[in-house]
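Quick note on numbering: the sequence shown equals residues -17 to -1, 1 to 285 in mature numbering (1 follows the signal peptide of the UniProt record, and there is no 0).
Rather than coming from a laboratory, the hints here were simulated on the basis of the structure.
Pairwise CB distance ranges, derived in the manner of DEER restraints:
no., residue 1, residue 2, range
1, Asp161, Gly259, 45 to 55 Å
2, Ser66, Asp100, 10 to 20 Å
3, Thr261, Gln155, 31 to 41 Å
4, Asp202, Ala238, 14 to 24 Å
5, Lys134, Ala159, 13 to 23 Å
Below, in silico cross-link-like pairs of lysine-lysine (BS3-like), each with a Cα-Cα straight-line distance of 25 Å or less:
no., residue 1, residue 2
6, Lys283, Lys1
7, Lys63, Lys29
8, Lys134, Lys63
9, Lys1, Lys29
10, Lys140, Lys125
11, Lys29, Lys51
The beta-carbon is built from N, C-alpha and C at its ideal position, and this holds for glycine as well.
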Amino acid sequence: MLLAALLLVTACSGSNSKQGTTFAPYVDVTGTHPALDEVAASTGQKDFVLAFVLASGTTCTPTWGGTKALTDPELLQQIKAASGNVTVATGGANGTYLENACTDATALKAAYESTLDTLGTNSLDLDIEQDIPVNTVVQALKQLQDERGTKIMLTLKVESSGLTDSGVQLLQAAQAADLDVTVNAMLMNFATTGDWATSLVQSLDTVTAQIRRVWTDLDDEGAHRMLGATLMIGQNDTGEVTTTSVAQTVLDAVADRDLAFAGFWSLNRDNGDCAGTTTTSGTCSGVSQTAYEFTSLFQKIA
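Please model the entire structure based on the sequences and the hints provided.
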């Protein structure tokens, strides 16, 4: 009878447990951004993704945006005062990637380690929007994760058909190397002819299917446990607009699917200072909103 009861409890509780969604907004630390400790004090948001670490010139030396030292004392003080968790993001839309400047896996791993140690974290995000030497990158990440248990997120471009071919190839290499990753779908800047909110949610499901084709032992629930979603709030570069209403629709889907991560680009833009603007700005969203309104929406699902 005791064994039967234990089996019943296991059957009822096993796969229905929620993992919870981690939320962290991206902060472009190379541009004008609010002080992280002040954001933490006013909103309670203490976790951030700091972007982007790039190579200094063509050397395998990590810097903010290719020009600013990682040891910037003002930023380090803000991180300390915020008392939260930071993830460091490499890559991005422009500049020379560490992944391309470092000539081999050993050098790239060392650059990653230096970056993580300087920022006092063990959480790394690769925002891949350029061609990279996939095998070298995966080898460096695998060594890093095996040696220090680094949390790794792969932030990948999404089109109307889902992840790009190069994004899928990176996932295939990660799977072959037995790398533990979160796949963060960039739900932004792609062409669509339908409703924007609906298209974003459909993209989540398309990426889920792509993950399952790479990790063939996973069901939808398993794929959701390694999937993240990052929105570009307000005006997108392609003309689409992610309003607070659109964001809420996507966040409802994120919560329903119990995804691993949710984020947005960027905290710098989470204000209504340029409401009605139809061009993309790095310092405001272009939509009517209160200060940190998107942050507040995202916090509710975390």
